[in-house]
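Engineer: When the letters of the sequence shown are read in order and numbered with full-length UniProt numbering, they come out as residues 1 to 224.
Heads up, some of the hints might be wrong.
No more than 27 Å apart at the CA atoms, straight line, and that leaves these computed lysine-lysine pairs for DSSO-like [what the hints assert, rightly or not]:
| no. | residue 1 | residue 2 |
| --- | --- | --- |
| 1 | Lys41 | Lys185 |
| 2 | Lys47 | Lys127 |
| 3 | Lys41 | Lys27 |
| 4 | Lys106 | Lys127 |
| 5 | Lys47 | Lys25 |
| 6 | Lys69 | Lys25 |
| 7 | Lys9 | Lys89 |
| 8 | Lys185 | Lys72 |
| 9 | Lys156 | Lys27 |
| 10 | Lys72 | Lys47 |
| 11 | Lys212 | Lys72 |
| 12 | Lys47 | Lys9 |
| 13 | Lys89 | Lys106 |
| 14 | Lys106 | Lys41 |
| 15 | Lys41 | Lys70 |
| 16 | Lys69 | Lys106 |
| 17 | Lys41 | Lys9 |
| 18 | Lys70 | Lys89 |
| 19 | Lys156 | Lys115 |
| 20 | Lys27 | Lys47 |
These are calculated hints, taken from the structure and not from any lab test.
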Amino acid sequence: MVPCYCKNKHTGVGSAIEYAVCALKVKVIVVIGHSRCGGIKALLSLKDGEDDSFHFVEDWVRIGFSAKKKVKDECCDLPFEDQCAILEKEAVNVSLQNLSTYPFVKEGVANRTLKLVGGHYDFVSGKFDTWELVRKLAEPRRIRLDSWNVGSRTGKLRELVDAAVRRGVDILCVQETKWRGQKAKEVEDTGFKLWYTGTAANRNGVCILINKSLKYEVVDVKRH
């Protein structure tokens, strides 16, 4: 799995990619998946809103959630093992797309000094496939944003989700929350995801509520 570019997260991966591209001047990056992958099985088995049973593994495989959604939407009638086989390659495509979010990778691809290649190794049959990802221009999309001051309301998650649904928004910025700490979590059975930064240094908390169509596209939320 290759995560999206983010200066404050997954820095170990980012530094390895940066060193390869900028210092070693590699000409090709190959992302390889393989058959009977335990990580892919874990990804396909994950359910939104469930608590993680591992400290790191499940958070890591969630990088491929958009690939999982594609497989579930298009191949839901296939057996689990067949879905896993398809997801092994789709997860590679997600990693290739995520690689393209790194500025130095994007620049290399644009200048034709760097090529991104996907691969899949079936160690049962010995077959090894490679491909290049054909990227299509995304259709323009309108995203509706709104802000909401909790005020005298309870600030409970369900109340926030109801407010977002009533307003028909994709992203709702909620001010004056009283939560402590900082966290990202799924809002169970709603499809929404919540990021919040709690009260600190005489500042009330804020949170961002994002609907299910966007929640896998947002990597991180920071308060400045």
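Engineer: Now, for every hint given, state plainly whether the structure supports it.
Structural biologist: Here is what the structure says about each hint:
1. Lys41 with Lys185: Within the cut-off at roughly 22 Å; holds.
2. Lys47 with Lys127: This hinted pair is violated, its Cα atoms lying about 31 Å apart.
3. Lys41 with Lys27: 32 Å, violated
4. Lys106 with Lys127: At roughly 30 Å apart (the allowed maximum being 27 Å), Lys127 and Lys106 break the hint.
5. Lys47 with Lys25: Judged against 27 Å, a Cα distance of about 40 Å means the pair is violated.
6. Lys69 with Lys25: 35 Å, violated
7. Lys9 with Lys89: 25 Å, holds
8. Lys185 with Lys72: Holds, at about 22 Å.
9. Lys156 with Lys27: It is violated: about 51 Å lies between the C-alpha atoms, which goes past 27 Å.
10. Lys72 with Lys47: 12 Å, holds
11. Lys212 with Lys72: Measuring from Cα to Cα gives roughly 15 Å; hence the hint holds.
12. Lys47 with Lys9: Holds. Lys47 to Lys9 sits at ~23 Å (cutoff 27 Å).
13. Lys89 with Lys106: 22 Å, holds
14. Lys106 with Lys41: 30 Å, violated
15. Lys41 with Lys70: Satisfied, since the Cα-Cα distance of roughly 15 Å is no more than 27 Å.
16. Lys69 with Lys106: 25 Å, holds
17. Lys41 with Lys9: Between Lys41 and Lys9 the Cα gap is close to 24 Å, so the pair holds against 27 Å.
18. Lys70 with Lys89: The hint holds at about 12 Å.
19. Lys156 with Lys115: 48 Å, violated
20. Lys27 with Lys47: With Cα atoms ~38 Å apart, Lys27 and Lys47 exceed 27 Å; violated.
The structure shown violates the earlier hints numbered 2, 3, 4, 5, 6, 9, 14, 19 and 20.
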